[in-house]
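S.K.: The residues making up each chain are set out below.
2 protein chains.
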Amino acid sequence: MAVERLVVIGGDAAGMSAASQARRLKGPGELGIVAFERGHFASYSACGIPYWVGGDVEGPEALVARTPEEHRARSIDLRTRTEVTEIDVAGQRVRALDRDSGETYWTGFDKLVVATGARPVRPAIPGIDAPGVHGVQTLDDGRALLDSLEGTAGRRAVVVGAGYIGVEMAEALLNRGFEVTVLNRGAQPMATLDPDMGRLVHTAMDGLGITTVNGAAVTRVLTGDDGRVSAVATADASYPADVVVLGIGVEPETALARAAGLPTGPNGGLLTDLSMRVRGHGNIWAGGDCVEVLDLVAGHTRHIALGTHANKHGQIIGSNAAGGYGTFPGVVGTAVSKVCDLEIGRTGLREKDASAVGLRYVTATIESTGRAGYYPGARAMTVKMLAEYRTGRLLGVQIVGREGAAKRIDVAAVALTARMTVEEMTALDLGYAPPFSPVWDPVLVAARRTVAVLRRAGTA
Amino acid sequence: MAVERLVVIGGDAAGMSAASQARRLKGPGELGIVAFERGHFASYSACGIPYWVGGDVEGPEALVARTPEEHRARSIDLRTRTEVTEIDVAGQRVRALDRDSGETYWTGFDKLVVATGARPVRPAIPGIDAPGVHGVQTLDDGRALLDSLEGTAGRRAVVVGAGYIGVEMAEALLNRGFEVTVLNRGAQPMATLDPDMGRLVHTAMDGLGITTVNGAAVTRVLTGDDGRVSAVATADASYPADVVVLGIGVEPETALARAAGLPTGPNGGLLTDLSMRVRGHGNIWAGGDCVEVLDLVAGHTRHIALGTHANKHGQIIGSNAAGGYGTFPGVVGTAVSKVCDLEIGRTGLREKDASAVGLRYVTATIESTGRAGYYPGARAMTVKMLAEYRTGRLLGVQIVGREGAAKRIDVAAVALTARMTVEEMTALDLGYAPPFSPVWDPVLVAARRTVAVLRRAGTA
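Chains A and B are the protein sequences, given in the same order.
No gaps in the numbering here: position 17 of the first sequence is 17 in the UniProt record's numbering, and each next residue is one more.
No gaps in the numbering here: position 15 of the second sequence is 15 in the UniProt record's numbering, and each next residue is one more.
Keep in mind that the hints were calculated from the coordinates and are not lab data.
Don't take each hint at face value.
Treat identical chains as interchangeable: a pair holds within one or across any two.
Said to hold, decoys possible - Derived SDA-like pairs (lysine to any residue); straight-line CA-CA distance at most 25 angstroms:
1) Lys352 <-> Arg379
2) Lys352 <-> Gly91
3) Lys26 <-> Ile128
4) Lys26 <-> Arg448
5) Lys26 <-> Gly249
6) Lys26 <-> Arg220
7) Lys26 <-> Glu423
Quick caveat: nothing in here was measured; it's all calculated off a predicted structure.
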């Protein structure tokens, strides 16, 4: 019997998790594994780049979970600096381009994993490619940005975008001693939160010394005599900048897959079934930042680029591709982040998400603390909760606060997964001791308040 | 119509929560509320006493959530220093003793709340009542201990018991500059953990400079010429002590209720229904440290003295007593604690609990970190998980680690409540960002390992 061949396109979290898991289940005598990665690095934490840039983490080696050599030592034929330029689905082969030698060649597969990731959104505005303007998607990007920071005497940084990447990069640049201005197209930073919660983030960022300008759509990047960025312009104003970081978000990188006829969804990501198999294709799987995932609360697919999903996808794909079994049921939309000591957590639906899928809801917002009020270091925390009208089912939670705020969201993530009502949540047996929580955990306080609002609404 | 009267026995968490909630729902024109408290204080956080003794918290005022005067201002007739000495169930009245004047009197009730709390276990050994030997149940106890610490020139403290109170008091005394020895009757400290996890606590306490002696049952307290404690003796050895703190645990305070014929369970606590009504009594409720609660995982009642349960009970009792509605479904046995920077969390069943109720189980133990491994401050965390054989249902989790270890237990608490399997848990959408979690949260790593163990066991 010929040895089966598994080909993996993309050597980061999803791709290499798939390769590693498949290798765990099947030895090289049963399954050959070839993985193509167009960059220098594989298996790295893109999520760690802001902390490398900010100086918290030595990089880039620390961000590499497993080196190419380590993968190869486990009989995974990882080819870095090699880009797949075509997928021949019918012919069960991919065409690869060696980016150093310029050579191209075809490689056959029995099973294929598409893990091409996401690419940062780069607005098509004049000057966007000027030196000093940086994305932060790959380790190579991180290195280029650090070189740029060291190469400028100026201390003014502009971050375009106020989502996770934007606020994390704002912290990083602040830590590097820059004066940071965040230009945010929306009404409040952190559009993954409702505006009332985003406003809290805005206020806290002000307090940290980060200037956030809302309603600021960038129209042009201006350059100086040396050709390097000098300012960023919006319709209303111009913001001097010695360095610019783009943190606008990412979109699924699916050009290759689409060219091969693989199906994509309304958000541009590949569509898979519960086993992460590409819909309609028995021997092709896809996972990580290039796919859409089922939002279990909203009931539709969504594009969420997050390393933790990518790792899960890879693990499941690797199991299935090697004859094991695994499924990915979907997500509830949990995300955590921080800006200096400000912590942000969110899961489930925002108000506008709920409305968009036809859910009627109530909300409650409470203030509490992460520790007993009398315990040293107790800091305020705001929790907003959404529950479905009539059923009282939890729909979403957002938390903004200091120590202990972000990961409290996990309680809500599990409750969402279990489709609990807020009334049921009021009885949750959460850990209590003065250094860790008030006697009513903030999540329980929010649940109680939401129940009260449901009752006043004549429901529940 | 005559105004109904609600009488509350015990003015701490459960009792005063009940009184306050009932008052919220019914004004003094509809419901009279009389609350008896034998001590000086009401509505205080007994859980905060170790932090007051340790100097983290100013006390005792900071530990009082609401003063007697504040209760009275809300039309709750709170009588402190007044002890109820008899309940006449048939006659619907209680006899009260004014501890200052020595007078006794009867007060009638339409509805009664029994919230008599718990009392510390005091082993009946010679010398136990010597000056310098302290319990830490009430604010008065805390004040007496602090006076004792200031009144001794010696720096040797012995803590009897290595459960939550014991280890928290060990930290407090260490913070006060004492040399601390913990005498533990069991094989490992923290008997609420399995011994293998307790061993980790032992090792960590050693590292913190706290000496723990296991298998050390105290037989005698020795005193000096001045009559004050001088040492604590076990069968094998004698431990010099300038001060001794008893942290052996508590038992439900139900003498009064039992004398009145109210039913108690196998653990000595009062038995209630889901609305916290005492079984067989339509107009008597009980809650807090004097009742048994249903352990939803074990399927039987248990005595758990914890302020967070007491507050929930009180809130539910107050609602029901005032014509509202609320139920307490039970607990899953969550508890968190710390010793200096060591954090401990547990929920659900230990191995011996599972065996005791006829559950066959597998276990898995993993090591991970509370942050991404490369993120500064990432510290090791050990997670042990139990799942039922065949069904794969989660049965319990124990966590020992540093920052971020304790409250991670909440994820397991919600999963237990929702009766999730460990396989389902592997897909949980928990918050991920490098400062808060590795890409696989430690709880997810433990769930994956437990699934693997179940598979090897030929089940799941």
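S.K.: So, for every hint listed, does it hold in this structure?
M.R.: Hints, verified against the model:
In this assembly of identical chains, the alpha carbons of lysine 352 and arginine 379 never lie at most 25 angstroms apart, being 29 angstroms within a copy and 39 angstroms across copies at closest. With identical chains, the CA atoms of lysine 352 and glycine 91 are never at most 25 angstroms apart, being 45 angstroms at best within one copy and 58 angstroms at best between copies. For the identical chains of this complex, lysine 26 and isoleucine 128 are neighbours neither inside a copy (47 angstroms) nor across copies (65 angstroms), given an alpha-carbon limit of 25 angstroms. With identical chains, the CA atoms of lysine 26 and arginine 448 are at most 25 angstroms apart between copies only, with a shortest distance of 19 angstroms across copies and 51 angstroms within one.
Taking the closest pair of Cα atoms, lysine 26 and glycine 249 never come within 25 angstroms of each other, the shortest separation being 37 angstroms inside a single copy and 53 angstroms across copies. With identical chains, the CA atoms of lysine 26 and arginine 220 are never at most 25 angstroms apart, being 53 angstroms at best within one copy and 63 angstroms at best between copies. Only between protomers do lysine 26 and glutamate 423 lie at most 25 angstroms apart by alpha-carbon distance; the minimum there is 22 angstroms, versus 47 angstroms within a single protomer.
Taken one by one, the earlier hints fail for this structure at numbers 1, 2, 3, 5 and 6, listed in ascending order.
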